[in-house]
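Undergrad: Chains as they are written, first to last, in our numbering: chain A, 1 to 511; chain B, 1 to 364.
In case anyone wonders, no lab produced these hints; they're calculated from the structure.
Hints are supplied without guarantee of correctness; some may be wrong.
Under the rule of at most 20 angstroms between Cα atoms (straight-line distance), these lysine to aspartate or glutamate pairs were calculated in the DMTMM-like manner [stated by the list, open to error]:
1. A:K406 / B:E34
2. B:K362 / A:D25
3. A:K58 / B:E236
4. B:K248 / B:E236
5. A:K406 / B:E236
6. B:K354 / A:E143
7. A:K92 / A:E143
8. A:K484 / A:E498
Per label pair, the in silico range of CB-to-CB distance [claimed, not checked]:
9. B:A127 / A:A496: 15 to 21 angstroms
10. B:M347 / A:K58: 20 to 26 angstroms
11. A:Q77 / B:W322: 42 to 48 angstroms
12. B:V23 / A:A295: 40 to 46 angstroms
13. A:R311 / B:F80: 40 to 46 angstroms
14. A:P74 / B:F80: 21 to 27 angstroms
15. B:D345 / A:G296: 35 to 41 angstroms
16. A:Q77 / B:M347: 24 to 30 angstroms
17. A:N180 / B:F80: 27 to 33 angstroms
18. A:Q77 / B:L321: 44 to 50 angstroms
19. A:R218 / B:V23: 57 to 63 angstroms
20. A:R218 / B:D345: 31 to 37 angstroms
Just so you have them, the derived chain B footprint on chain A, three or more residues with Cβ under 8 angstroms [said to hold, decoys possible]:
21. 58-66
22. 109-123
23. 218-230
24. 343-355
All of these numbers come straight from a predicted model, not from anything done at the bench.
Note that the Cβ used here is the ideal one computed from N, Cα and C, for glycine as well.
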Amino acid sequence: MSDVAPAIELKGISKAFGPVQANKDISIRVMPGTIHGIIGENGAGKSTLMSILYGFYKADKGEVFIHGKRTAIPDSQAAIAAGIGMVFQHFKLVENFTVLENVILGAEDGRLLRPSLAKARKELKRLAEDYGLNVDPDAVIEEIGVGMQQRVEILKALYRQADILILDEPTGVLTPAEANQLFRILDRLRAEGKTIVLITHKLREIMEITDTVSVMRRGQMTATVKTAETSPEQLAELMVGRKVLLRVDKAPAKPGAVVLDVQGLNVTDEKGVQRLKDVSLSIRAGEILGIAGVAGNGQSELLEVLGGMTRATGRITLNGEEIDLTGRHSDGQSRRARGIAHVPEDRQREGLIMDFFAWENVAFGYHRDPAYRRGVLMDNAALQEDTARKMEKFDVRPPNPWLTAKNFSGGNQQKIVVAREIERNPTLLLVGQPTRGVDIGAIEFIHNQIVALRDQGAAVLLVSVELDEILSLSDRIAVMFDGKIMGERLPGQTDAGELGLLMAGMNGRAA
Amino acid sequence: MEKMPKWADVVLIPLISLLLAAVLSALVILAIGEDPWAALKMMVQGALGSTYGWGYTLYYATNFIFTGLAVAVAFHARMFNIGGEGQAMLGGLGVALVCLYMPWPHWTVAVIGASVVGAAFGAAWAALPAWLQAKRGSHIVITTIMFNFIASALLNYVLVNVLRPKGSMDPATAKFPAATHLPTLHELLLPLGIKFSKAAPANVSLLIALAACVFVWLLIWRTRLGYEIRAFGHSESGAKYAGISAVKITVVAMLISGALAGLMSVNTTMGEAERLVLNATEGAGFIGIAVALMGRSHPFGVLLAAILFGFLYQGGAELALWTNIPREMIVVIQALVILFTGALDNMVRMPLEKLFLSLRRKEG
């Protein structure tokens with residue numbers, strides 16, 4: 001192998017955003033015809049590194065060699081010309097275009113579309129045969145599934161003659177079955193001599209498909225190893241820098257009376273798509289109910305209905321009292337007044353106002369609380385004091401109430417939200433994706449806080465796309481697919497395999 | 001980390017923008033063969049060199065404070081209220097009706113009545129676009145622009161066909177009764193022993209404008225409503241999560257905005273003209289947009305920016321009067337200031353941000 005030039009070689013890449021050093025002196029070599037994994041926590045600098053390789057950012061220092069040739073990549077056009085294709089975490093497809101139209105977008109041969117379309121149609125057929133990438137070229141993007149859309153992204157890259165493919169967190173939106181299909185495709189691509197870089201934070205995927213793996217931590221490359229010679233435990237330690245407990249320590253639940261009872265919940269969105277189909281569930285005091293499912297199968301809507309953000313039909317009672325689901329006052333304020341606290345799925349778009357100070361955010365949703373009021377004005381002093389106290393208790397760093405939310409790291413932002421909601425001592429806590437984009441240290445902390453609240457007798461509804469999180473935190477697990485509850489399982493009596501089948505809409509065993 | 005210190009954002013950027021506008025204006029004046037330095041001196045002398053000049057500068061500034069605040073409040077709820085002009089026109093109608101048809105014993109009472117009704121009329125004119133935005137999603141920019149035209153046509157009709165005194169050829173109302181005449185700064189300052197120009201139109205409305213600045217500051221940064229307005233303006237999805245009603249905030253913020261614009265007419269119609277004339281607003285509603293942009297939607301910034309634009313208005317008028325620089329050139333200069341301070345904000349901001357970042361990196 002030594003006389004073959006690496007497909008990608010990065011030498012001493014550094015990149016800073018203001019005072020933040022996103023990449024520091026990073027070097028890697030990826031041999032052609034291999035799959036190379038890059039693993040690291042959120043914010044470790046994986047995406048920045050790949051954005052440099054794809055020409056989105058310019059490195060402050062360092063050199064890029066493609067197939068042994070020094071290559072400058074000032075923009076994505078240059079990256080494509082160098083044979084690099086990228087599949088983003090969030091697809092960049094035109095929703096109301098067909099597959100074919102999306103594939104040629106930006107790569108048309110001339111002013112007239114027809115010749116390009118005909119050429120692309122032939123090319124797609126060939127690619128489908130070569131790599132098993134079957135997609136109907138005339139299907140409209142918005143009408144095909146996420147897994148298919150991802151294939152279109154891969155096809156786009158291949159159509160542009162890419163022989164190096166970068167995939168950024170490709171399985172985040174896929175069911176376990178779809179992920180397996182993706183891995184089969186990647187396997188085939190590798191066999192055909194393509195070079196693949198797989199960015200992920202999931203250890204399992206790295207172990208399953210990569211040949212070599214690089215671990216990143218805080219902008220630095222901490223190790224590059226052969227996958228066959230490492231273990232998930234070793235990789236986790238390299239990622240975090242210390243031994244990690246990959247599960248939550250908690251005592252068995254002592255469920256009390258039923259707190260939340262949901263019967264026949266239905267939600268139809270403004271496009272007329274039914275998002276929740278006759279959902280029924282209940283949670284007892286001192287119990288965590290985990291909702292597993294692939295993103296977009298109704299979990300968000302369930303949280304939104306319970307949190308007062310979306311109207312619904314059906315019947316919900318909290319401690320036996322019915323909650324108004326459609327009235328004029330069915331909103332977040334009324335839910336909070338009933339003792340429902342809500343850690344939303346998206347802290348940046350919902351849970352926090354990113355341009356508000358931390359102390360303003362601690363009032364968010366509770367800003368009409370009389371404790372924060374003095375006459376007609378808000379009692380900012382009381383609020384700032386309260387914030388300082390909560391920041392200390394939840395170990396928010398830096399503990400400065402006068403910092404705007406956007407200046408905290410993801411984990412500390414989430415701690416602010418969690419502190420605000422948990423410190424209300426809610427009867428029912430709604431939690432969506434509590435640890436998305438949160439570093440492992442903060443994950444442990446947040447998990448412990450949720451368990452502590454449960455032990456105080458609160459009911460907790462946990463929604464997460466991370467199956468591991470659901471399995472380790474829940475006392476009971478319900479799986480959602482296509483707006484329905486597919487079934488309930490107890491964490492000790494099920495595994496990721498069975499849940500994965502349920503998440504894909506298949507009833508794993510006769511109920 | 002912030003990209004640059006706060007003071008650079010609020011002080012340095014407007015100053016540099018202003019300087020750039022001044023340089024470009026100087027080049028333009030040079031290009032038509034006049035002396036820019038003499039022109040600047042003339043403007044400063046004309047606008048700030050006498051109590052007469054100050055009286056006009058502050059009179060214009062009063063208008064711009066009201067319309068600037070109006071735009072600023074809507075900005076905080078992330079709405080672009082282009083309709084200050086129309087709302088101020090309607091405010092003028094309200095003020096005129098109150099002054100003409102209600103018997104007022106003294107100006108102190110009259111000014112309260114006129115303010116309330118003027119604000120109410122302005123708010124009412126903003127209510128429909130606000131409601132359309134909140135309920136139907138009709139874009140506030142489009143609807144408020146259209147409402148400016150409707151207001152203008154409506155005022156035209158009312159002045160010509162309804163309020164015009166018999167026999168008058170002028171599309172304007174009759175003079176307001178003497179009891180509603182507002183004291184000018186000359187009258188207000190005389191008891192304090194300060195001699196202020198008799199001829200200048202600046203009047204007691206200036207104090208109302210200053211009070212409005214304080215009111216808006218309290219509203220936006222110290223009340224729950226202001227908190228909700230800002231939260232909604234920053235993140236609509238966040239507001240929904242927090243249970244803040246989009247409909248309520250949209251409508252309430254626009255009502256306050258319209259009311260502030262309507263208040264402007266207390267200055268122009270009641271304070272200066274003492275009757276309602278066509279085009280009483282003289283474009284102040286639009287200047288308010290530039291004032292709010294330059295003032296960073298903060299009442300204190302709006303106050304400073306309003307005084308600057310008052311200076312440009314008055315100084316420009318003097319320039320047109322005493323030099324060969326044509327009236328149109330004055331408009332060009334004002335437009336340059338608006339362009340640089342409002343529209344081209346990022347042109348100055350980006351290089352400055354880079355500069356501060358590289359400075360910080362050197363330190364660190």
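Undergrad: Evaluate each hint against the coordinates.
TA: To see whether the hints hold, each was checked on the structure:
1. A:K406 / B:E34: Violated. K406 of chain A to E34 of chain B sits at ~51 angstroms, over the 20 angstroms cutoff.
2. B:K362 / A:D25: Distance of about 19 angstroms is within 20 angstroms: holds.
3. A:K58 / B:E236: violated, 33 angstroms
4. B:K248 / B:E236: The given pair, whose Cα atoms are some 13 angstroms apart, holds under the 20 angstroms limit.
5. A:K406 / B:E236: holds, 17 angstroms
6. B:K354 / A:E143: The given pair, whose Cα atoms are some 44 angstroms apart, is violated under the 20 angstroms limit.
7. A:K92 / A:E143: holds, 15 angstroms
8. A:K484 / A:E498: It holds: about 17 angstroms lies between the C-alpha atoms, which stays within 20 angstroms.
9. B:A127 / A:A496: 15 to 21 angstroms: violated, 56 angstroms
10. B:M347 / A:K58: 20 to 26 angstroms: holds, 22 angstroms
11. A:Q77 / B:W322: 42 to 48 angstroms: violated, 58 angstroms
12. B:V23 / A:A295: 40 to 46 angstroms: violated, 54 angstroms
13. A:R311 / B:F80: 40 to 46 angstroms: Violated, at about 29 angstroms.
14. A:P74 / B:F80: 21 to 27 angstroms: Violated, at about 36 angstroms.
15. B:D345 / A:G296: 35 to 41 angstroms: holds, 38 angstroms
16. A:Q77 / B:M347: 24 to 30 angstroms: Given about 26 angstroms between the Cβ atoms, the range holds.
17. A:N180 / B:F80: 27 to 33 angstroms: violated, 50 angstroms
18. A:Q77 / B:L321: 44 to 50 angstroms: Given about 57 angstroms between the Cβ atoms, the range is violated.
19. A:R218 / B:V23: 57 to 63 angstroms: Since the Cβ atoms of R218 of chain A and V23 of chain B sit about 46 angstroms apart, the hinted range of 57 to 63 angstroms is violated.
20. A:R218 / B:D345: 31 to 37 angstroms: About 35 angstroms separates the Cβ atoms of R218 of chain A and D345 of chain B, which means 31 to 37 angstroms holds.
21. 58-66: As far as the stretch 58-66 of chain A goes, the hint is violated, because 0 residues have Cβ atoms under 8 angstroms from chain B.
22. 109-123: With 0 residues close enough to chain B, the hint is violated.
23. 218-230: With 0 residues in contact (Cβ-Cβ under 8 angstroms with chain B), the coverage given for the stretch 218-230 of chain A is violated.
24. 343-355: Per the Cβ count (9), the hint holds.
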